[in-house]
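K.L.:
Next come the chains, spelled out residue by residue.
Number of protein chains: 2
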Amino acid sequence: MDRFTVTYHVTGQEDEIAKRALGIALEQTIELPANLATPGFVADEVVGQILSTEALGGDVWEVKISYHPDAAGGELTQLLNVIFGNSSIQSGIRLASFELTEAMMAQFKGPRFGVAGLRELVGVPEKPLIQTALKPMGTDAKGLAELAYKFALGGVDVIKDDHGLANQVWAPFEERVEACVAAVNKANAETGGKTVYAPNVSGDFTAVMQWAKFAKQAGAGALLLCPGLTGFDAMRTIADDDSIALPIIAHPSLLGGNVTSQASGFSHRVLFGQIARLCGADSSVYPNYGGRFGFSKQECLSIVDGCLSAWGHLKTVFPTPGGGMTLDRVEDMQATYGNEVMYLIGGGLYGLTDDLVKSTRIFREALGR
Amino acid sequence: MDRFTVTYHVTGQEDEIAKRALGIALEQTIELPANLATPGFVADEVVGQILSTEALGGDVWEVKISYHPDAAGGELTQLLNVIFGNSSIQSGIRLASFELTEAMMAQFKGPRFGVAGLRELVGVPEKPLIQTALKPMGTDAKGLAELAYKFALGGVDVIKDDHGLANQVWAPFEERVEACVAAVNKANAETGGKTVYAPNVSGDFTAVMQWAKFAKQAGAGALLLCPGLTGFDAMRTIADDDSIALPIIAHPSLLGGNVTSQASGFSHRVLFGQIARLCGADSSVYPNYGGRFGFSKQECLSIVDGCLSAWGHLKTVFPTPGGGMTLDRVEDMQATYGNEVMYLIGGGLYGLTDDLVKSTRIFREALGR
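In order, the protein sequence lines correspond to chains A and B.
Here the first sequence stands for residues 15 to 383, where the numbers follow this note's numbering.
Here the second sequence stands for residues 15 to 383, where the numbers follow this note's numbering.
Any given hint could turn out to be false.
Which copy is meant is left open, so a pair is good if it fits within one copy or across any two.
Stated by the list, open to error - Mimicking DSS-like on lysine-lysine, the simulated pairs with C-alpha atoms at most 30 Å apart in a straight line are:
# : residue 1 : residue 2
1 : Lys200    : Lys230
2 : Lys33     : Lys329
3 : Lys33     : Lys311
4 : Lys78     : Lys164
Everything labelled a hint here was simulated from the structure, so no lab data went into it.
Here the structure is a predicted model, which means the values were calculated and not measured.
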C-alpha cells in the first residue's frame, strides 16, 4: 500500500527530535501513546511512520512522516486533519509540504483553468496578468460598476471585488454583481477586450454556493473566495462544480495568523501554494514582499514554487502578489517573478493618477503589455 | 449609529503606533490609503475609528478601533473578515477581543444549550463534567462501540469521536454512529445514566450538514465539529438548526497555527472563547496547560474567561481542557478550574488501568462525582 508523506520542520534540540517526530506520528493518527496502539494493523499501518529526520541547521529539523491513505478518508477536510490537525497547535512544528499517492491525487481535480486556461480566457498568451480590486467598501453598486467599467477600459484582466465587499446594505451582493457584470461587458464590447469580473462569494455557509451560482447566472467571469472565511472545502466544491465552471481567485483573508510564526503553523508554500492549488484556486493571492505586509522575498518565491512547479496532474496556478504594488516597483517585481504571474494592483492604480483608465494603461505599458 | 469595537495588541515602537493603528483601521475597511477615502460617508463612517491607544508594557500597545455595524453585512463570515481578515497577515498585530452592538448581538443565537443546558442534559447539576474520545483511528465500528459502552457504564458524560474519525473505510460514519448510539443507549438503560455520544460531523462542505442530520436521526446526543476544518459558519449554521438542536463540541484541529505566535494571530481567549461561543459551541475544547501542548495556565484561564464571563444574551460555554489529563493532575486542575468545567480525558483513561469502566470510575471519584 502506497502511503502519503508529510514534511514538518521541527524546532528543538537534537536529543529530543526522535521523540518529537514520534509525537507527531501518534498525534496525527491514533492520539494515544505508542504503548496503547492496538497491536497489528493499527500499530503497524495506521500510526504514522517516520521516514527521515534531518538537520536543517540552527535548531530546525526536517521530519518526514508517512500516513496510510485511508486515514484521509477520501476527503479534503479529513486529509488536512491528518496532515496537520492537532500538530498545528504545537509550538515548534511547522507544516512544510506534503505529497500524496497517485490514487489520492486522482481524487482531486485541482484548478479548473490554471495558468493556461486563465491566459486563454483573458487573451494574454505570455505576459503578466493584471488583477485589481473594486473599492472602497461603502461605495454603492453603481459607483463600483463605474470603477469596473474604467478598469476594463484600461485593460485590467481580472477585476475582483475587494474581499471586504459582501452583502452590505450600501452595495447588496446581487445588485452589485449585476451592475459590475454589465459595466465590464459594456467596456469589453467597446474595446474588444476580454476582462473578467470576479465577485466575492465568500458568504455564510448557506450563502456561499448560492452566491456562486447567482454570479455564474449573472455572467460573472470568475469568482473571489476567501477559504479562511468559508473553509477550504467550500472552495474545492465550487471549483469542482460543473454548473459553475469559473476560475477561482483565492484570497488569504483570516489565514495570516497561520504563517506569522516562523517556527509553527504553515509554511507559506504549503498554505498559499499547495493547499490553494489542491482546493482548486486558479489564482492565489498573497501579500507581496516589500509592501505593508511582512512576507520576505524568499517566502514569496516559495509560494511561486508551490503554484508553478510540477505536481501530478494538477494545473499550475497564477501566483498573485498584492499589497503596496506601486509603479516604481515594477522593474524589481518583474525581475523576481518573470512572466508567469498575475499582479494584484489595487491602491497602486487608485493612487497613480486621478484617471483610472490612464493609470491602468500606464501599468500595462510598464509590464510590456 | 452604535459601532462595534475590536481590540488589537500591536507590537511596535511608541513613535509608530499611531500609524500602525491607522493602518489597521484602513486595512480592515476601505483597503486604501487615508487620502484616497471617498470624502463624506466612507471617510467619516466606514473607515475604522481609533478609540484609544494604550501602552501595555514592553513594546505592546492596546489599540481599540470601532467599525460601522453594516460593514459586517449581517453575516458571521463577513464579521470575522472585518474584525481581522487582512490584519491577520500582519506580523505584530494580535486580535485580543471584540464587542458587538446590541443589534449585532441579537443576530447571533450563540450556544443552544450552554453550561446550564448541558448540565441538565447529562444530569450533573454542579460538579465538573467528563468528556472522553473514542480511539484509536483504525478501530472498526464494533470496536469503537464497545469502547463507548464501557465509557458510558463508567459514567462519562460526553463520549465524542476522536476528531480524527471521519468516514474511513475501517469505520464508516453511518455505521459507526449507529453502533455507538446503540452502545451508549444500552449502557444508559443499564445504569439509568444520561451519557451522550457526540459523533464527529466535520465532513466536507457538502457532507457536514448531511452528517449532522444523520447523527440527529440516528439518536446521537451531541455533535463534534472542528471549525478549523469546516469553516466557522458551518458550526453556527448547525448550532442554529432547529431540526438538529444538539449540543456542539468545538474542537481546535487545524486552528492552532493562529495562536502559536505571541505577537500575531488570535488571542487564545478570542479564538477558543469568544469566537467559539458566538458560533454556537456548547463546549470549547482546547489543550490544557502542562500537557503535551504549549498553552500556559494564564492562556487557559483567558479561554475560561471567554467561555464563562457575561456576554449579552449568549449562554456560557463549558471550557473543555484536554491533552495529558492524568489522574495525578486532578487536584491541580480542580484548583485552577473549579466546577464550571468539562474535562476531556482521553489517553488518561485508556492508560490508567486495563479496564475502561474502572478507569472512568476512578476519575469520577477523584472529581467528587
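K.L.:
Now tell me if each hint is right for this structure.
P.N.:
Here's how the hints hold up against the structure:
1. Lys200 <-> Lys230: Close inside one copy (18 Å), not across copies (51 Å); limit 30 Å.
2. Lys33 <-> Lys329: Neither: 38 Å inside a chain and 41 Å across chains, both beyond 30 Å.
3. Lys33 <-> Lys311: between (34 Å within a copy, 24 Å between copies)
4. Lys78 <-> Lys164: neither (50 Å within a copy, 37 Å between copies)
When the structure is compared with the earlier hints, violations turn up for hints 2, 4 and for no others.
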